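Note that the protein sequences, when read in sequence, are chains Z and G. Going left to right, the first sequence walks through residues 1 to 225 as our numbering numbers them. Going left to right, the second sequence walks through residues 1001 to 1489 as our numbering numbers them.
There's no promise every hint is true.
Said to hold, decoys possible - In silico lysine-lysine, DSS-like type, Cα no more than 30 Å apart, as pairs:
#1 G:K1085 to G:K1068
#2 G:K1279 to G:K1320
#3 G:K1351 to Z:K202
#4 Z:K117 to Z:K206
#5 G:K1279 to Z:K223
#6 G:K1385 to Z:K202
#7 G:K1351 to G:K1385
#8 G:K1385 to G:K1320
#9 G:K1279 to Z:K117
#10 G:K1108 to G:K1085
#11 Z:K223 to Z:K202
#12 Z:K206 to G:K1351
#13 Z:K117 to Z:K223
#14 Z:K206 to Z:K223
#15 Z:K34 to G:K1351
The hints are simulated quantities; they were obtained by calculation from the structure and are not laboratory data. Source: prediction; values computed, not measured.
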Amino acid sequence: MRLLLVEDEIEIQSFLRSSLAEAGYQVEAAGDGKTAERLAIDGQFDILIVDLGLPDQDGITLILRLRQLGVRAPVLILSARRSVDDRVRGLEQGGDDYLTKPFALAELLARLRNLLKRNSPPGNEATRLRVLDLELDLLRREATRSGQVLQLTPQEFILLEYLCRNAGRVVTRSMILDQVWGMRIQPDTNVVDVHIYRLRGKVDGKGQQPLIRTLRGVGYVLKDR
Amino acid sequence: MSSKIAKPIMHSAAWRISLWATLAFACGTMLVFVFLHRFVADDIQRRSDAWLSGEVEVLGDVAERTPKDALYGRVVGEVAELAGKEVPNKALSDSSENDSVFFLQTGKDGSLQLWVGAGNGEANLTAIRASRMLPDQPMDLHVSGFPTPFRVASIRMDDGSRIYLGLSERDELRVLRSLRLRFFLLWLLIVMLGFGIVFFTTRRMLSHVRRITEAAAGIGHSDLNSRVPTTQRNDEVAHLALTLNRMLDRIESSVHQLHTITDSLAHDLRSPLTAIRGKLEMSLSAATHGEQAEPIVSAIEELDRLTDFLNKSLDVAEAKADALRLNRSEVDLDELLRIMIDLYEPSMSEKGLQIGLQSGGPLRIEADAALIHRMIANLFDNELKHLPSACTVTIRLRVEDGAASLILEDDGPGFDAEVCLHLFEHRVKGKESNGHGLGLAFVDAVARAHGGAVRAGNRESGGAQIAVTLPVVSQGHAGSPAAVMHGAH
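Bound conformation, chain Z alone (with noise of 0.2 Å):
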C-alpha cells in the first residue's frame, strides 16, 4: 500500500512515518502543498493523509486541486479544529474522512484500513465470522464460543462484531463509541469500560483462553493467535 503523507509538522511527520511503516505503508512525506501536489501527480498512491493547516495552502484548496489533477485514491483529513466545518463536511461526504487531533494511532489505522475498504471493490460479504473458537452468525444476529450460544443484548452483540472484524489489531474507546453508538464523544467516565468488562464475562467463561485483552492507555484488542 503506498501512502502519501502531507504534514509540515517534523515531529509529527517523522512519528507517523514510522508507525505507518510499521503497519505495513509505503510512506512518502511532504511538507508543503507544492511538494505534495508534485508526488500526488507522479506516484500512484492508495491512499493520502492531509493536514489541514498547511505552510503554503489550505489542506482542502490542495485536495480538490489533486480531485481535478486526477487523484482518486481516498484521503484522510487531519485537523487541529475540533469543530469541523462544512468544506471538511462536504469531502466527508464524497467518500473522504477526518479525525482531529491529536489522535490515537491505533484510530488512526482503523480509519486508513476503512477508507482503503470502502474504495475497494466490494467482494462477498460474509455472513459468519470466525475468531479462533468464536464464532458471530451475522444474520441470526447469534454468538457461539466452542459451539456454545453466547446470551448477548444486541448492542453487545454489534460490539463484538465490531472488535471481531478488527480482530488481532487495537481499538480505541472514541473508535468504539464512533463505530457502536455513533457519536463522537470523549466521556471522562468510565463507560466503555463496563460494556467491554460485561461482554469480557459472556464471551470469556472459566477455564476458557481471555479473548478480550485490555491495553491500557491505548485501547482493547479481540486476539486473534
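With the hints as your guide, set chain G onto chain Z.
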C-alpha cells in the same frame, strides 16, 4: 426571543405620537379661531354702531325740522320705518312686523311720545328707564319679551325730548353662530385628516424601525452574517439601520478574530500534543514489561484529559462570546437519549444507580449533532460521577412552547449550597469533584449557542434538577411549524 410585535394599535408609538400631535394642532387652531371670532364680532358691532349713530342723528335732524303738528308723528314715523328697512346684516324675519328695529321718542318728562316698532313700546321704555343711557354712545339693552338684546343709540333734542333708535342684535348673533358652526365642522375635518396623516406617516416610519428590530432580534446566536434592512432615504431611521449594520460588522470582525485566535491556539497546542501522544504510543508498544509501561500509560491518560480540557475550554470560551460554530442537522432527542441511556446504563447499575426516561416519542430538533451529543454525555457523566449509590436518575423529555424541554432529575444530595449560585461559571466544582469544573458551563454554552437555556438547582423534595430547553426550530429557519407538530407526539 421573538419580540412581541403584534400588540394592539392603541399601544403603538405611532398612535401616541399622532394623538399628541393632533391635540397640539387642535388646541392651536382653536386658539386662532377664538381671536378671529372676537375680531369679527367686534367689527360687526362697530359697523352696526356706526349705522345706529348715523341714523339717530338723521332722525334727530328730521324730528327737529318737522313742525310739531298733527303730521309730526306720521313724518318721523315714516322716516324711522324707512331707516329700519336698511338695517345691516338683516335676515328675513318670519313675522311681517319689523321687530329688529325700534324708534322711540320721549318727552321732556320722559313719557312715551312716539313709537315705531313691534308692540307698543312700553317694555322698551321701561328697559330704557331702568338702564343709565350715556349720550352719543350706543349700548346694549335687554328688553323683557325679546330673547336677544338691542343695541340702542340716543340723541337729545334741543327741546329736551330724547330720540332712541334700537337695533336687535339677533342678526349679528346669527352671523356669528353660523361662522362658529362652519368653523367647527371645518376644524373637525382638518383635525381628523391631520390625525390620519400623522398616524399613517409615523406608522410607516416606525414600521421600518420594527423591521430593523425584527431583523436584529434574529441576528446573534452564531448567526452574524445577516444585516438589518436599510432604506434609500437619508433620515434618522436609515441612519439607525446603517449604524446597527456597522456595529454588526465590527462584532462580526471581532468574532472572526476570536475564531482566528482560538483556531491558532488550538493548532499551536494540538500539534505538540499529537507529537507527544504519538511518541508515547510508540514507546508503549516498545515497552515489554508492565513496570515500564505503567508511567507511559498514565502519561497518555493525562494527555487525553488535557486534550479534553482544551476542547471544552475553547468551546465554553467561544460560546460565552456567542461565537460557537454550529453545523445544524436534524437530531432526534428521544432516539439520542435512548442510545445514551443504553451507553451509560451498565456503568450506572454498576454503581447502584437507576436511570429512566419519560418521553412522548420522537422529538426532532435542528441542532449541531456533535455538540448535543457531547452536552448530553456531559450531563450523564455528571450524574455518574457525583451521585451516591442507590439513587435514581429520571429524564423527562417533552415539547413546551415550541421548545424541547429536557429535565434531568435525581434523588441524590443535590448541589452544594455554595456551588449552587455559580453553577454555570467556568471552573466551579464541588469539593469532592475531580473534574475540571467545565461540565455545566459547557452544557450552558451549548444550550445558549442553540438559542436555548439551562436552569439548575435543587428540588424541594431533595436531589438536583437540571432543565435544558432547546428551540425545536433554529431561529434562522423559523416559521415552519411542521417541525413542532412533528415532535409533539
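Hints versus structure:
1. G:K1085 to G:K1068: Satisfied, since the Cα-Cα distance of roughly 25 Å is no more than 30 Å.
2. G:K1279 to G:K1320: Answer violated: G:K1279 to G:K1320 is near 35 Å, above 30 Å.
3. G:K1351 to Z:K202: Cα-Cα ~20 Å, so holds.
4. Z:K117 to Z:K206: With a Cα-Cα distance of about 36 Å, the restraint between Z:K117 and Z:K206 is violated, given a limit of 30 Å.
5. G:K1279 to Z:K223: It holds: about 25 Å lies between the C-alpha atoms, which stays within 30 Å.
6. G:K1385 to Z:K202: 27 Å, holds
7. G:K1351 to G:K1385: Measuring from Cα to Cα gives roughly 10 Å; hence the hint holds.
8. G:K1385 to G:K1320: 25 Å, holds
9. G:K1279 to Z:K117: Cα-Cα ~28 Å, so holds.
10. G:K1108 to G:K1085: Between G:K1108 and G:K1085 the Cα gap is close to 28 Å, so the pair holds against 30 Å.
11. Z:K223 to Z:K202: With a Cα-Cα distance of about 16 Å, the restraint between Z:K223 and Z:K202 holds, given a limit of 30 Å.
12. Z:K206 to G:K1351: 25 Å, holds
13. Z:K117 to Z:K223: 22 Å, holds
14. Z:K206 to Z:K223: Satisfied, since the Cα-Cα distance of roughly 17 Å is no more than 30 Å.
15. Z:K34 to G:K1351: 55 Å, violated
Hints 2, 4 and 15, counting from the list given before, are not met by this structure.
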